[in-house]
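**Student:** Single-letter residue listing:
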Amino acid sequence: MKVQPVRSIEILLVEDNPGDVELTREALNCDKITNRLNVVVDGKQALDYMYQRGEFQQVIAPDIILLDLNLPKVDGREVLKVLKSDADLCRIPVIVLSSSEAASDIQQSYNLHANCFVTKPVQLNDFLKVVQMIEYFWIDIVKLPRES
Amino acid sequence: MNIVPIEILLIEDNPGDIELVRAGFEEARVANHIQVISDGQQALDFFEQDNGLPDIILLDINLPKVDGLEILEKIRSTEHCKDIPVVMLTSSEDDADINKSYAEKANSYITKPVGFDEFLDVIKSIEDFWLTVVKLPKSINK
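Residue numbers (my numbering), protein chains in the order written: chain B, 1 to 148; chain P, 1001 to 1142.
One thing to keep in mind: the hints can contain errors.
Derived lysine-lysine pairs resembling DSS-like cross-links, with alpha carbons at most 27 Å apart [said to hold, decoys possible]:
1. P:K1082 x B:K143
2. P:K1100 x B:K81
3. P:K1074 x B:K73
4. P:K1138 x B:K81
5. P:K1138 x B:K44
6. P:K1074 x B:K84
7. B:K44 x B:K84
8. B:K120 x P:K1138
9. B:K120 x P:K1100
10. P:K1082 x B:K81
11. P:K1082 x B:K84
12. P:K1065 x B:K84
13. B:K129 x P:K1138
14. P:K1124 x B:K81
15. P:K1112 x P:K1124
16. P:K1112 x P:K1100
17. B:K143 x P:K1074
18. B:K143 x P:K1138
19. P:K1100 x B:K143
Keep in mind that the hints were calculated from the coordinates and are not lab data.
Input sequences plus hints: build the corresponding full structure.
**Tutor:** The following block contains the structure:
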């Protein structure tokens, strides 16, 4: 089932690995041009973006966040904790997209209210497929929170 | 990818929807087990116990006796089940229900399509994503 969103979906990718950023961009551009991918490369930037601080004062709040865990400056777990403790920002779905398969990382992410935890596949094609499945599920199937 | 059987708890009172969910999961590539609870009070009672907990919960909102949002609140405030992913699966497209569900830490919110085939497609999508792509919290301990 394909239901096209009525407006572009803003996706925030929090990822410090340039290779993973490019792969994610490639995967998201495969079949849709209506989604907008914004990238920040460390945890501090992620929080500045979400709170519209510094260089991010004019940004639009994302509809969905793809969050790596191991990030420079502020760790992804701390970013998750801050976002999910915020009365307004907590509604925005956060998909943890990490190379970790550690049980402790999975458990801790759910404990901090990540919406889901996805491990980055090592193989290129598998990585692309997983990102496309994330996109399909969260954008075509799920109802995202809306301003009311 | 998860390869162990997944325990799914469906909290749903509509017999037709229960059958459609079962049918949708029948094509699953892994051996899933679906348990059904069909009213809200039974669901609250279920989460009082800490054994036999599911890996994932599909939760309707409009239920007899106690509604799904109250059940979600109960799940998230109960230590032994607070981390279990909850997918809201409801006919409500009301913004208030969507926003309240996310604020109460639902993991995702999906509206039930009216058509038979579309409903099955949605169930298949839930299976594809939640049971194969996602790492679930409990399955790691199996």
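**Student:** Name the hints, by number, that the structure is in violation of.
**Tutor:** 3, 5, 9, 12 and 14
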